[in-house]
Amino acid sequence: MSLKNFNWKKYTNYLVVGGVMLIFGLLSLVGVSDASITSLLERISIAAILAVSLSMVVGFLGELSLGHAGFMCVGAYLGGKVAALLEPSLGNGPLNFFIALLVGSLAAALFGVIVGLPALRLRGDYLAIVTLAFGEIVRSVVMNLPAKLFGGTLGLSTPRMDKKYLFIMGFLLLLACLAVTQNLIKSKHGRAIISIRDNEIAARATGIDVTKYKLFVFTISSFFAGVAGVLYSFSMYTVQSANFDYNYSIEILVMVVLGGMGSINGSLIAAALITFLNIQLQTMLTGDLAVLQNLFYAVILILIVIYRNAPGLKGFREKYNMRTISEKLFKKKKTVVENADAGEEEATNE
Amino acid sequence: MNEQEKIVSDNKDLVLKTEHLCIQFGGLRAVDDVNLEIREGELYGLIGPNGAGKTTVFNLLTGVYKPTSGKILLNGQDITGKAPAEINRLGIARTFQNIRLFNNLTVIENVMVGLSNQIPCNMLQSIFRLPRHKASEKEYYERALELLKVFQLDEYKDYLAANLPYGKQRKLEIARAMATNPTLLLLDEPAAGMNPNETQELMDDITFVRREFGMTILLIEHDMRLVGGICENLTVLNFGTELAKGDTATVLSNPTVVKAYLGD
Amino acid sequence: MNFIAAIINGLSSGGTYAIIALGYTMVYGIAKMLNFAHGDIIMMGGYAMYIALSLAGHPILALVAGIVFCVLLGVAIERYAYKPLRGAAPLAVLITAIGMSYLLQSLAQIIFGSAPKMLVKLQVPGFFMIGSLRVDYSTLITLIVTVVVMTALTVFIKKSKPGRAMVAVSEDRDAALLMGINTNAIIAITFAIGSALAAVAGYLMLMKAPSLSNTLGAMPGIKAFTAAVIGGIGSIPGAMVGGILLGVVESFSYSIPALAPFTEAVEFSILIVVLLVKPSGILGKMRREKV
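Residue numbers (numbering that gives the first Met the number 0), protein chains in the order written: chain A, 0 to 349; chain B, 0 to 263; chain C, 0 to 290.
Chain A with its partners taken away, still in its complex shape (with noise of 0.2 angstroms):
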């Protein structure tokens, strides 16, 4: 609401991803930063457009899609092939990385509107269904077609980009779909969207067309799974539509109920941190105990979704929560008036 004064602190996470992208960009630059960091980079950047655009979708506008990871096989795909395609001619610079970033999110945009037609127009378990239907179907097309076209199960051989600058254009990218999804949230698009969350019936009543922002939000969070593709399909040497399964899906779901459903800043936060957990952890547990990663990542959902939900927690919930705790270790004294207002910011979700 404060439009007149300007407020750094709605800008806190532009600054702080700008602020990473610039440090280590120089660093690479000047030649300091090694490999281990700008994969990290690369990898976070991606998972953080990940988590971010299914946010929009889960934490706002309340519904479940389980084949995010399908959307981003189809921009790595289609993205990777025309980078490959163009290759001969255009080099693996920039230029090439753009057109294939254009097709690769477009595309998985059209998918993400094909899917979303039937599905969004029913109630909200379909488009679980459906979703989680299109991501197994999107891999095993893609593995059964021809090896001409996309490799078929070897994977398809994609352009890799120079190591040093990726995460830079992933950091780009990511500041892109902070500022399309926060832009949209906070506006009336955004309330909007929220008002089908709380109450689909009387948002409707309320002259809202429900199917129209559905639609919109399904679709501009499958033309950023395909974004994120796009830079997978750059940062891998080959693409494998098995690594784009079901699983893959829900660690995206993981990271966005563990940031808090609806937190923009909380699925960064957590995106950041399972892609580096995830990294230290494949070195830590080989084998079958690798395993251990997905039972921590199962019980983590569980616990988390109880606890956030559970009407018969109300008052626990209430009783413990971070703010009360910090209050009482910090001794704080709050006033009603700021309490309400710090509930509120917590549930729009800045």
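Because the hints were derived from the structure by calculation, they are not lab data.
Hints should not be assumed to be uniformly reliable.
[Said to hold, decoys possible] Here are some, though not all, of the chain C residues that point toward chain A, as calculated from beta-carbon distances under 10 angstroms:
1. Ala87
2. Gly98
3. Pro256
4. Glu263
Backbone N, C-alpha and C fix where the C-beta goes; we use that ideal spot for every residue, glycine too.
For chain A, the structure is supplied; the task is to place chains B and C on it using the hints.
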């Protein structure tokens, strides 16, 4: 004056007219041959015992259900079978028996959602923060605040809707409905669950909305005393059919109506 | 002849899908939730059978052990993961169910490793000929079990007291509660029956292909779930029809060489087509939300 013109002139100030409105759920006729005629500026009551089909009539009028047969005319325009959002844009706004607010939005944001179709600003303008976005947001805020002031909710504007006391939630629902700039306001048992003070305040509000906005109101109410106090005309529903209709005093003294309410 | 063979195979695998789909659809009808973990209950039942086979060695004992374990597991999951969320947003329940599915899969891999276990003792070798058509005994057994299960379930729902209470709860939970039906108990019974059916389906699957891994139930679960939606989620005859239909389509798709690799895509495309044409599914009723 030929036949056609006569119909037009007779219907001239009719805001809402239903013709033989019916809906069937499986074997049950929940609403059967309901013919409402509501004139401009009127406060019309729809009463009847529990399960008489009152809320179902509202759901038909607002497009939540599609009628099995019959017609709904709003200001002479046929709106039968249209989608809820479209019907709202054409001029019907409503409240719900079990309050349906946007609980995670603030009070003022709830009203701003109601204003959505009044102040244009497309998604690209919002995403790219074009000047139109900023101007429209300012207008949203100001107009919403104005409405909140009318309903004396402005001091709660930054509260989450869920945290409002019950009576204020009912008021907010009316304010949100009014924000959509309707020609007809449907109130579904607005006094349900209210204490006598709140009920009195609500009745004053309804009177105020009529005076201030010249609003036409269709009201569902269970409490016959409340209805008797403010409505000009009534339709009494029982088992989905019209038991009686006409001006309030006549209808309420009708023996069949009394019998339907009090039982044998 | 190929055609008839495809139909017989389709009916057989469709029967298994139908039995799994029944679990999904009953839980959906009564608890109004999609139990994503249902497929993984099949898998856990498989491991229970594996243990029983190594201890006792008899297939029937294995089946009993599988059923008992699945029933306990299904009821426990409902009690500790889903029940606390009754009355919460549907999205929360859905995500918990997905988490549960994930939990069971990883748990099984941690305990039993990722190398598949071979339950060869469950296999029923041999076949018989009808003219020039070869029919495996396992196919025949699957068909018979499918018919028996469906008949028994239909009779149970129609005639028994808990069965009729289940119908009442699925129609209107609040009204059923007012009529003195213990809805919590009915929901638990539903999970128990669904899980028992999952064990039976798991047995049938392992009888045909004895390799057991932690993802045994994942794909059949998703497919059966698709079948339940195609038939009309919440509808018991719908689950049967959807399951059989999906099985037959799958079998035909496998028998056409050009289509075979895309069989999964074909199956899921049917789902999207059905949702476009008749969103409530073949035999489903459109539910009205109370306003």
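Min Cβ distance, Pro256 of chain C to chain A: is it shorter than 10 angstroms? violated (12 angstroms)
Holds or violated: Gly98 of chain C as interface residue toward chain A, Cβ cutoff 10 angstroms? OK, holds: Gly98 of chain C within 10 angstroms of chain A, min 4 angstroms.
Status of the hint placing Ala87 of chain C at chain A (closest C-beta pair under 10 angstroms): holds (4 angstroms)
Would the hint on Glu263 of chain C stand, with a C-beta cut-off of 10 angstroms toward chain A? holds (5 angstroms)
Of the numbered hints listed earlier, the single one contradicted by the structure is hint 3.
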